[in-house]
Amino acid sequence: MSQSTSHTTRSLAVTPSTRGFGFAVLEGEILVDWGVKPVTGDKNTGSVAKVKELLILYHPARFILEDAESSRRAARICALHAELVRVAKEHQVRVIVLTRTRVRRRFFADGEGTKHELALQLAERYPEELKLRLPPKRRLWMSEDYRMGIFDAVALGLAGQQPKRGPVPRG
Amino acid sequence: MSSSHLPNYVRAERKRLALSQAEVAFLLGAESGAKVCRYERFAREPGLRTALAYEVIFHKPVRELFAGLYATTEQEVATRAKTLTAKAERLKPNRQSIHKRATLAAIINQPVHRS
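One line per chain: the protein sequences are Z and E, in this order.
Following our numbering, the numbering of the first sequence begins with 71 at its first residue and continues without gaps.
Following our numbering, the numbering of the second sequence begins with 1231 at its first residue and continues without gaps.
Derived by calculation from the structure, the hints in this document are not laboratory data.
Keep in mind it's a predicted model, so treat the numbers as computed, not measured.
Heads up, a few of these hints could be off.
Derived SDA-like pairs (lysine to any residue); straight-line CA-CA distance at most 25 Å [what the hints assert, rightly or not]:
id	chain 1	residue 1	chain 2	residue 2
1	E	K1290	Z	K113
2	Z	K113	Z	R89
3	E	K1245	Z	R89
4	Z	K201	Z	V165
5	E	K1265	Z	P108
6	Z	K207	Z	G181
7	E	K1265	Z	G181
8	Z	K120	Z	G181
9	E	K1290	Z	E198
10	E	K1245	Z	R142
11	E	K1265	Z	G105
All chains should be built: construct the whole structure from the sequences, respecting the hints.
Now the structure itself:
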């Protein structure tokens, strides 16, 4: 926040999950809003309504999603992605779809790393915003922590930034 | 629209400090978190006392917390300053009117920033 963000592009990154979706709003590399929106009942309809609210509130220039088909997501998530792309275009927001590989390459030199390692990197980069939200390392018998949606969305948002010249500011 | 500032950044600051809307409302002296929610959704602009209370809570200047609002105000004042400059130019040039014009020029040329 303390860095000047005039003329930086605002992006909204959304990562749908079983409970709803994680989201992150970034201005350049500065986090403006982040969280998880839980949705009950008809999850796709609920998620679309909540994403619309975010689009109206933040007027992002870019809407960033992960490529659902390349990362073998459920049919519901694929349908939701298609609907979200339609909604974003309706709001005249540029849609950016990134593959999982491209997101990983942004954070790991060899493009290989676990979700937890990625979350640790982000918690270190944004200690005030994300450190308290870092979930414990998932064990084999545990399902994914809902808070991981925030980290996925922040990673997606950062990966969707235009490549910058010069030193990358720390968040 | 998207590359301009948001009216305010109080939600981000509140989340950074891990405070709830109800807790911020209490610190602001408001009755409930609903008012804080309206500020955070840009549905309502706070009064001067509330804005200053935000500065106290978040340790950030008001113009930084309410960057969009500040930028709008800055532009409005600059527009008025242009009107006043036009009036000042009709005055007989003396030390006072020269100083006045310089003051108005500084207001007009103030860059929109959020530092």
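Results of checking the hints against the structure:
no.: 1; hint: E:K1290 / Z:K113; in the structure: violated, 38 Å
no.: 2; hint: Z:K113 / Z:R89; in the structure: holds, 8 Å
no.: 3; hint: E:K1245 / Z:R89; in the structure: holds, 21 Å
no.: 4; hint: Z:K201 / Z:V165; in the structure: violated, 29 Å
no.: 5; hint: E:K1265 / Z:P108; in the structure: holds, 23 Å
no.: 6; hint: Z:K207 / Z:G181; in the structure: holds, 20 Å
no.: 7; hint: E:K1265 / Z:G181; in the structure: violated, 45 Å
no.: 8; hint: Z:K120 / Z:G181; in the structure: violated, 32 Å
no.: 9; hint: E:K1290 / Z:E198; in the structure: holds, 15 Å
no.: 10; hint: E:K1245 / Z:R142; in the structure: violated, 33 Å
no.: 11; hint: E:K1265 / Z:G105; in the structure: holds, 21 Å
Comparing the model with each earlier hint shows violations of hints 1, 4, 7, 8, 10; every other hint is respected.
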